[in-house]
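S.K.: One line per chain: the protein sequences are A and B, in this order. If you're matching positions, the first sequence starts at 7 in our numbering and goes up one per residue. If you're matching positions, the second sequence starts at 1023 in our numbering and goes up one per residue.
Honestly, the hints are just simulated from the structure, not real lab data. From a predicted model like this one, the values you see are computed outputs, not experimental measurements. Every clue listed holds true.
If you want a taste of the chain A side facing chain B, the calculated C-beta under 7 angstroms gives, among others: (1) 9; (2) 12; (3) 13; (4) 17; (5) 83; (6) 88; (7) 89; (8) 91; (9) 94; (10) 96; (11) 97; (12) 248; (13) 249.
Even for Gly, the Cβ is constructed at its ideal location relative to N, Cα and C.
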Amino acid sequence: MLSILKSEWFKLRKSKIFGILLVGPLIGLGAGIGADAVETAGAMNEWYMLLIYMNLPYSVLFLPLVTGVLASLVCRYEHQSGGWKQVLALPVTRGKVFAAKYVLILLLVLFIQLLYLAAIFGAGLYKGVADPFPAAIIWKSILGGWVATFPLVALQLWMSVWFKSFAAPFAVNVVFTLPSILAMNSEKVGPYYPWAQPFAMMYPATDTGDIFFIPWEQLLTVIGGFFLLFYLGGYFYFQRKAV
Amino acid sequence: MEYIVRTENLSKHFGKEKAVSGLEMKIPKGEIYGFLGPNGAGKTTTIRMLLGLMKPDSGRIEIFQKDLKKERLNILGRVGSLVESPSYYPHLTAKENLEAMRKILGVPKQRIAEVLEIVRLTDACDKKVKGFSLGMKQRLGIAASLLNNPELLILDEPTNGLDPSGIIEIRNLIKSLPSECGMTVLISSHLLSEIDQMATTVGIVTKGKMIFQDSIEAMRMFSQQSVLLKVSESDKAWRSLLGRGMKAGLDSGIISLPQQSDEQVAEAVRGLVADGFSVYRVEEEKRSLEDIFLQMTREEQAG
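Excised from the complex, chain A in its bound form (with noise of 0.2 angstroms):
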């Protein structure tokens, strides 16, 4: 499974992704340097305030779709020239290699989260907040924030291996993540709608005593059930599909 990992992750590191990663973390710093977060200091800590102005352009748009993006990119080269009939016919299970896709994928949206954090401290610092750095905002936005992506990886992993173009996977995140601007302002479909999960899970709530922003049951349900639905959907076709 590592080989397989190694392997996945040296035939992507020669195809120019490094810019795609600094897209999003740079959208958060544009967006943190341009709010207009001092008006309303005093109610909160200033860095939520801060944090709330970033995630909108980051967690409802840029980072559903990167998922989709990134997740085009480590099939493209298979689809391209018979690369799938080239790992395929080696010593691999179709499992690991549709697992070692996956987690390729998802070390790759922690990095982009943790380029964000970056993004976070370095708007704050470039605003002068002073207020201390809330440490909650780390674990609960940041891995909050990635853990929301797992389905949403899943199925574009699923729609990248299926579709040999790139537009069609592409398409599908859009017409999915577009919907999430309005779910996530309607208490009923924003809790069980997977693509508002990013900026659920990333928003800054009251304390609620849970580990992340989001109720432990709309975790394991919603994004935990889609997920596995997700998953196992893509896993499943991926066993069938004949190159």
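Here the structure of chain A is known, so what remains is to put chain B in place on it, guided by the hints.
M.R.: Same frame as chain A, now just chain B:
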């Protein structure tokens, strides 16, 4: 006999079309097995099933006398393959392409240089494969298939896109593999001349069915000559030969004597002359393997 590959009643259909039906392939150890058939006969489909890239609808595949379904990983670790058009990652160099595979196969790094040398790609090894010619990509594919020092090498149309000198090079390489490395080789081709020059065993497939499977010598037996006679009054002459109890055919004024010894041919000529016919020409007709192949595939289609 020890079979490296053995399929039993292997079948696969795409929709209504039967790509492979009831295929029984037997490849003895140490042979170069020429898998021959016209385009669309089911060669590549069979090879994909041998590698587990595609699941058969029915039938069994045994490689190294192990069930492919149960011991796929173990088997694939000992198999090298090149399927259809060469597979490669265009954004990587030749060396990097092999490195991506090497990481999974776990063979020593120096093996990359070795296989590049074997296929003469050492000079181009740091160039992106995107810019390679078809022949160079094909060489890279062959290099990749040799990476894990396989016991069974499966090459689907390996000389596709190579120039004549490249074809000879690869042919010599393939011929040397069984004796030098103890490999068993399966090569597919739609060109009989190709198979004729390399293979020791032949399997001919058409419309998904194996219509011939034996040694190349056995196949050459089919190409035994017949002798053609051009004579005056061919119709009468033919009757007189039949009257003498000889096997003879008549086709548009030419008498043919199938599979006769020299003595029998002489006797036939002597008889014709004695009966007063003029013998204009005595010719030997040697059927090429191509003719046999065409005849076999045609018979299959008629039947």
